[in-house]
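**Student:** Using the hints, put the two chains back together into the complex; each one sits in its own frame.
So the protein lines, in turn, are chains A and B. Each residue of the first sequence is one higher than the one before, counting from 11 in our numbering. Each residue of the second sequence is one higher than the one before, counting from 11 in our numbering.
Do not take every clue at face value.
[Stated by the list, open to error] In the DSBU-like style, the derived pairs of lysine-lysine whose C-alpha atoms are separated by at most 35 Å in a straight line are:
hint : chain 1 : residue 1 : chain 2 : residue 2
1    : A       : K26       : A       : K194
2    : B       : K67       : A       : K26
3    : A       : K194      : B       : K244
4    : B       : K82       : A       : K194
5    : A       : K26       : B       : K131
6    : B       : K244      : B       : K131
7    : B       : K83       : A       : K194
8    : B       : K83       : A       : K26
9    : B       : K244      : A       : K26
10   : B       : K67       : B       : K83
These aren't lab readings, by the way, just hints derived from the structure by calculation. Predicted model only: the values in this text are computed from it and were never measured.
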Amino acid sequence: MKQGFIRCHDCGNLVKIVDKFSQCPRCDSHLHSRSPYSLQRTAAFLISGILLYIPANVFPIMTVDQFGVGEPHTIMGGIIELIDSNMLPIALLVLVASILVPLFKLIGLSLLLLSVYFRWQINARFWTVMYRIIAFVGRWSMLDIFIISILVDLVNLGGVAQIIAGPAAIAFAAVVILTMFAAKNFDPRLLWDNQQNL
Amino acid sequence: MTFFSFTLLYWFLYFTKLTIKSIGRMFVINDMNSANYGACPECDLLINLAQPIIGDKVHCPRCGFLLAHPRKKSIEHTFSLSIAGLILFFPANLLPMMGIEVMGESTNGVLFSGVMALFNKNMWPVAIIVFLASILFPLVHILLSLLISGHLYFNRSNRYLTCWMRWMQHLDEWVMLEVYMLGIIVACVKLMALAQVEFGWGLYAFIALLIITGMLTSKLDNELFWRRIGQLNKEHNN
Ligand SMILES: [Zn+2]
Ligand SMILES: [Zn+2]
Chain A
11 MKQGFIRCHD CGNLVKIVDK FSQCPRCDSH LHSRSPYSLQ RTAAFLISGI LLYIPANVFP
71 IMTVDQFGVG EPHTIMGGII ELIDSNMLPI ALLVLVASIL VPLFKLIGLS LLLLSVYFRW
131 QINARFWTVM YRIIAFVGRW SMLDIFIISI LVDLVNLGGV AQIIAGPAAI AFAAVVILTM
191 FAAKNFDPRL LWDNQQNL
Chain B
11 MTFFSFTLLY WFLYFTKLTI KSIGRMFVIN DMNSANYGAC PECDLLINLA QPIIGDKVHC
71 PRCGFLLAHP RKKSIEHTFS LSIAGLILFF PANLLPMMGI EVMGESTNGV LFSGVMALFN
131 KNMWPVAIIV FLASILFPLV HILLSLLISG HLYFNRSNRY LTCWMRWMQH LDEWVMLEVY
191 MLGIIVACVK LMALAQVEFG WGLYAFIALL IITGMLTSKL DNELFWRRIG QLNKEHNN
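For reference, chain B alone in the conformation it holds in the complex (with noise of 0.2 Å):
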């Protein structure tokens, strides 16, 4: 039961997210003088995005885009939010997540057995979508993430870091930890008018990790990473 008030209340918390617009300030312009200015990524107006507030939503004012949505302390966050992630990964992989009972037989699994189940039956090009999807691809993610706060927040340059955040902006949309949550729920109420099922701690940890990359993704300000990174490569070189 506590479970399933888990995932509803992230649910419900991921939708309102999505859901609550604010639009913010925008102008825009005619004449062009500052670096200021930027132009949206879905249909190319240039746009002035003149210092938008902290906790504002910055939408295009043609085809409604969020161009910006700066947020508090974003790169503290991420660097704190990544490194959470990195320590709850491995228990949300290395311990069961939950089993089943049939008739004194029990089986239980985590994730990357499932990987192999499916490796085992021929099926491996599905094995290794499942395994890209929902192990390596988000501890990648996570690992890109740490290295670039970390560096923006000890203020060190490196030459990689605009090919770290490349990647990591890529990466973002193959990451799919809450397409697997749901696809959890899914086989748990399929298989709970079969067997008994029982969750293990593994679970627990594979909540936890979700709801933090859930936070990391929600936290990470690209435009104002970039603008850093920007920044520290042009000290480096002077």
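Excised from the complex, chain A in its bound form (with noise of 0.2 Å):
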């Protein structure tokens, strides 16, 4: 940007400056030097984000409807019923996927917007390949939805047994959701434009 050029963000093709408000010769999108309103956007999303996680732990994830006694289940209560059943893998892989790396993810995300916002002078370096892996890390997370929708689907012999799907399962779609967006709109470059000793 300095040397005077705008990498487009759509092909990636580098284009010189002419006035304010260009489009790209290649693909006719519009150039942006940086992602625009890239801080609030992420923060907007974020927020969110952090909002619903709370009651996406809170409330049940899903209910174990057996003989007609029903059983509802939190996130974390499921996964201490793993680990009773002795299923100690799966029990840890849905841990990472359903509780460390949602909380990986908004507490990397707010660390990155406030070193940008108050020009920390940090690690760029590092702090890039942390928002790689938090951008890559992301999609993981839906792990829980997919497996209650096949649960649901499966698990449904009328009076004998049934698997109902509970609040929380609306409140983590929209975390996984929420905290994919502000990944996406997160411009790892603003982290870059802060260092003053490059």
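**Tutor:** Dropping the structure here:
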């Protein structure tokens, strides 16, 4: 950008800056040197994600109904039950995908936002790698949602056994989607803009 | 057992692909006079991408972003893989994937019946997300890559090419077949403790579809595709 070029965010073409509102000659998309309103958008998605993370963990995510007796589970309750029934690897997998990854994403993105906003002198390379990890692992949190959709469909044996999805499933899916949008809207180049000693 | 060995093999291939990093050639430049320059999308460093060798990986010297990874016959492979994917898409969605049997009662499910089960139980926001991530987006992604690579393969220009290409790039992140596969594995292990689990042909088709889409994304060379689209549009306008 300093040298008078803009990289098209869609096709990667380098375009010389002519006037303020120009279009990419190769793909016709509007050119921005940085994603517009990156910080505001990321912050908006992130805050709603953090707020929804609470109901996602407090309310039951599914109810196992056996012979008419319902037994609601929260995300953590489901994991504890898996450990109790000697399925430790699966329990760890679910723990990582549905508790650690969302938490890591929320904290990581907040730190990224704060460091750009307050212009902290940080190791930009390290935090860019951090951003990349956050963007990569995001999709894997959908694991719990897919498991519920499979279980709800298969375990549907009338009065014998039934699995019903709980309200936390909606909140949890929303958290995953919102944090994915937050990560997508964050522009890691802002991290580099703030570094003075490059 | 074959099912598990299949998936294990897939994961193994997937992660070795991620971990192997070969640092290619790169040159940081001071003056610019040719069209070979590119800027890193994550740190905006200007870089000379002087014809990277096929199969090489070029990383950004400042932030380590994978800048280019040109592959052999990207267009041809993408074209044939997307045809295969489109064909496999139908058995993967229509044939029963797996079923359980408890006390004489049995149920079985396909991809779409999971969506419908959620929808019928007042979980329509979740149902929509599952539908998009596991059925609609994979289908649209395969269709778009078929259209684009077909046009490039036969040297046809089309004014929607850039639009399709942009959509395909945005959709890439939302195709979650591999996450769904992991979900199937976890659900199976959970159910095996309670009931007899049976696998159907739909599941094998799904695994094949998963491998095809994995290969598709690894074969697709965005930079090459954009370059070809740019050339085609230029020829068309002249
Ligand atoms: Zn462009
Ligand atoms: Zn870079």
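**Student:** Are the hints correct? Go through all of them and say.
**Tutor:** Results for each hint:
Distance check on the hinted pair: K26 of chain A and K194 of chain A sit about 25 Å apart at the alpha-carbon level, within 35 Å; holds. Of the supplied pair hints, the one linking K67 of chain B and K26 of chain A holds, its CA atoms being roughly 27 Å apart against a limit of 35 Å. As the CA atoms of K194 of chain A and K244 of chain B are separated by approximately 31 Å, the hinted pair is consistent with the 35 Å bound. About 30 Å separates the Cα atoms of K82 of chain B and K194 of chain A, which keeps this hinted pair within 35 Å; it holds.
This hinted pair does not check out: K26 of chain A and K131 of chain B have alpha carbons roughly 55 Å apart, beyond 35 Å. Pair hint K244 of chain B plus K131 of chain B does not hold up; C-alpha atoms about 53 Å apart against a cutoff of 35 Å. Our distance criterion of 35 Å between C-alpha atoms is met by K83 of chain B and K194 of chain A, whose separation comes to about 30 Å. Pair hint K83 of chain B plus K26 of chain A holds up; C-alpha atoms about 31 Å apart against a cutoff of 35 Å.
Proposed proximity of K244 of chain B and K26 of chain A is supported: the alpha carbons are some 18 Å apart, at most 35 Å. Among the hinted pairs, K67 of chain B with K83 of chain B is consistent with the structure: their alpha-carbon atoms are about 16 Å apart, no more than 35 Å.
In terms of the numbered hints stated before, the structure departs from hints 5, 6, listed from lowest to highest.
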